[in-house]
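Chains as they are written, first to last, in my numbering: chain A, 1 to 109; chain B, 110 to 222.
A few of these clues could be false.
Okay, derived cross-link-like pairs now, SDA-like style, lysine to any residue, Cα gap no bigger than 20 Å in a straight line [unchecked claim]: (1) 104/A / 162/B; (2) 162/B / 173/B; (3) 108/A / 20/A; (4) 166/B / 96/A; (5) 164/B / 179/B; (6) 101/A / 215/B; (7) 101/A / 147/B; (8) 101/A / 179/B; (9) 180/B / 137/B; (10) 112/B / 44/A; (11) 104/A / 196/B; (12) 179/B / 114/B; (13) 101/A / 149/B; (14) 104/A / 215/B; (15) 101/A / 148/B; (16) 101/A / 167/B; (17) 162/B / 188/B; (18) 162/B / 96/A; (19) 53/A / 20/A; (20) 127/B / 117/B.
Some chain A residues near chain B, calculated using beta-carbon distances under 10 Å [said to hold, decoys possible]: (21) 4; (22) 7; (23) 16; (24) 37; (25) 45; (26) 88; (27) 97; (28) 98; (29) 99; (30) 100.
Now the in silico label distances, taken between C-beta atoms and shown as ranges [said to hold, decoys possible]: (31) 55/A / 179/B: 34 to 40 Å; (32) 122/B / 108/A: 34 to 40 Å; (33) 178/B / 78/A: 42 to 48 Å.
Source of the hints: derived by calculation from the structure; they are not laboratory data. Quick caveat, the model's predicted, so the values are computed rather than measured. Even for Gly, the Cβ is constructed at its ideal location relative to N, Cα and C.
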Amino acid sequence: KNEVEQSPQNLTAQEGEFITINCSYSVGISALHWLQQHPGGGIVSLFMLSSGKKKHGRLIATINIQEKHSSLHITASHPRDSAVYICAVRRGSQGNLIFGKGTKLSVKP
Amino acid sequence: DVKVTQSSRYLVKRTGEKVFLECVQDMDHENMFWYRQDPGLGLRLIYFSYDVKMKEKGDIPEGYSVSREKKERFSLILESASTNQTSMYLCASSEQNSYNEQFFGPGTRLTVL
Chain A
1 KNEVEQSPQN LTAQEGEFIT INCSYSVGIS ALHWLQQHPG GGIVSLFMLS SGKKKHGRLI
61 ATINIQEKHS SLHITASHPR DSAVYICAVR RGSQGNLIFG KGTKLSVKP
Chain B
110 DVKVTQSSRY LVKRTGEKVF LECVQDMDHE NMFWYRQDPG LGLRLIYFSY DVKMKEKGDI
170 PEGYSVSREK KERFSLILES ASTNQTSMYL CASSEQNSYN EQFFGPGTRL TVL
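The shape of chain A in the complex, shown without the other chains (with noise of 0.2 Å):
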């Protein structure tokens, strides 16, 4: 079983809606990261959180430790939201990341 585990694979929508990932571990993690990854190949660091909820423009993040899960939401979404999300998180006080397989986002205008 991996040790992070996002939903869904893939996710095509259309522009305007509302759009969730999410993301599971089974592991005890100092921080959790949600990355995006467009064609080409470039990862951009998007969150990093320890609790509780981020917002950054149209993208929501937020963790719930206890239940060790990870949400990322996209309001109002637009074509330029497809990419590749990537959960991954961060075991203890050490740097090393432990990633899910993603999920690519496909929004249609």
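Put chain B on the given structure of chain A with help from the hints.
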């Protein structure tokens, strides 16, 4: 702006060749990482380094080695490339504090024929 650069975006090599992938960061970060990314498997850690001349094995170090002679540069070496090392290779760096985010390079897509 933090910048992590990788020496090549695309690379084609033959089986048995020695391959060097270079990564340079300009933010004086202590930590540097090499990952490979394969469809259906996500990113997997090959090696990482917390300081100059220091290296630690990640989850899949077999067939790879690394070198960190200067703080800003972290090299990944494939001593004898094999076809199963065809992959996307991503370098990342971060500050020493484990709560800091990692900054990724653009990736090198390596094909071994």
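Hints and how they fare:
Our distance criterion of 20 Å between C-alpha atoms is broken by residue 104/A and residue 162/B, whose separation comes to about 38 Å. Among the hinted pairs, residue 162/B with residue 173/B is consistent with the structure: their alpha-carbon atoms are about 16 Å apart, no more than 20 Å. Restraint check for residue 108/A and residue 20/A: the C-alpha separation of about 16 Å stays at or below 20 Å, so the hint holds. Between residue 166/B and residue 96/A the CA atoms are separated by roughly 11 Å; this keeps the pair inside 20 Å, and the hint holds.
A distance of roughly 12 Å separates the Cα atoms of residue 164/B and residue 179/B; the hinted pair therefore holds under the 20 Å criterion. Annotation: proposed proximity of residue 101/A to residue 215/B holds, straight-line Cα distance about 18 Å (limit 20 Å). Taking the CA atoms of residue 101/A and residue 147/B, the gap is near 9 Å; set against the 20 Å cutoff, the hint holds. Taking the CA atoms of residue 101/A and residue 179/B, the gap is about 32 Å. The hint is violated against a cut of 20 Å.
Proximity of residue 180/B to residue 137/B is assessed by CA-CA distance (about 7 Å); at most 20 Å being required, the pair is judged to hold. Taking the CA atoms of residue 112/B and residue 44/A, the gap is near 12 Å; set against the 20 Å cutoff, the hint holds. Between residue 104/A and residue 196/B the alpha-carbon distance is near 19 Å, which keeps this suggested pair within the 20 Å criterion. Taken as a hint, the residue 179/B and residue 114/B pair is honoured in the structure, with Cα atoms around 15 Å apart against an allowance of 20 Å.
A distance of roughly 6 Å separates the Cα atoms of residue 101/A and residue 149/B; the hinted pair therefore holds under the 20 Å criterion. Between residue 104/A and residue 215/B, the direct Cα distance comes to roughly 18 Å. Compliance with the 20 Å bound is thereby established for this hinted pair. For the proposed pair residue 101/A and residue 148/B, the alpha carbon gap of about 8 Å is at most 20 Å, so the pair holds. For the proposed pair residue 101/A and residue 167/B, the alpha carbon gap of about 17 Å is at most 20 Å, so the pair holds.
With a C-alpha separation of about 19 Å, the suggested pairing of residue 162/B with residue 188/B holds against the 20 Å cut-off. Distance restraint check for residue 162/B and residue 96/A: the Cα-Cα separation of roughly 18 Å lies within the 20 Å cut-off, and the hinted pair is therefore satisfied. Proximity of residue 53/A to residue 20/A is assessed by CA-CA distance (about 14 Å); at most 20 Å being required, the pair is judged to hold. Proposed proximity of residue 127/B and residue 117/B is supported: the alpha carbons are some 15 Å apart, at most 20 Å.
Hint status for residue 4/A: holds, given a least beta-carbon distance of 8 Å to chain B, under 10 Å. A hinted interface residue such as residue 7/A counts as satisfied when its beta carbon comes closer than 10 Å to some beta carbon of chain B; here the least separation is about 14 Å, so the hint is violated. A hinted interface residue such as residue 16/A counts as satisfied when its beta carbon comes closer than 10 Å to some beta carbon of chain B; here the least separation is about 29 Å, so the hint is violated. Interface restraint check: residue 37/A against chain B, minimum CB-CB distance 9 Å, threshold 10 Å, status holds.
Taken as an interface hint, residue 45/A checks out: its beta carbon lies about 4 Å from the nearest beta carbon of chain B, inside 10 Å. At a threshold of 10 Å, the smallest CB-CB gap from residue 88/A to chain B is about 8 Å, leaving the interface hint in force. Interface restraint check: residue 97/A against chain B, minimum CB-CB distance 7 Å, threshold 10 Å, status holds. At about 9 Å, the closest approach between the beta carbon of residue 98/A and any beta carbon in chain B falls short of 10 Å, and the interface hint on this residue holds.
Restraint check, residue 99/A versus chain B: the minimum CB separation of about 4 Å is within 10 Å; hint holds. At a threshold of 10 Å, the smallest CB-CB gap from residue 100/A to chain B is about 6 Å, leaving the interface hint in force. Range check, residue 55/A to residue 179/B: Cβ separation about 39 Å, and the 34 to 40 Å hint holds. Against the hinted window of 34 to 40 Å, the Cβ-Cβ separation of residue 122/B and residue 108/A comes to about 38 Å, which satisfies the hint.
For the pair residue 178/B and residue 78/A, the beta carbons lie near 44 Å from each other, so the given range of 42 to 48 Å is met.
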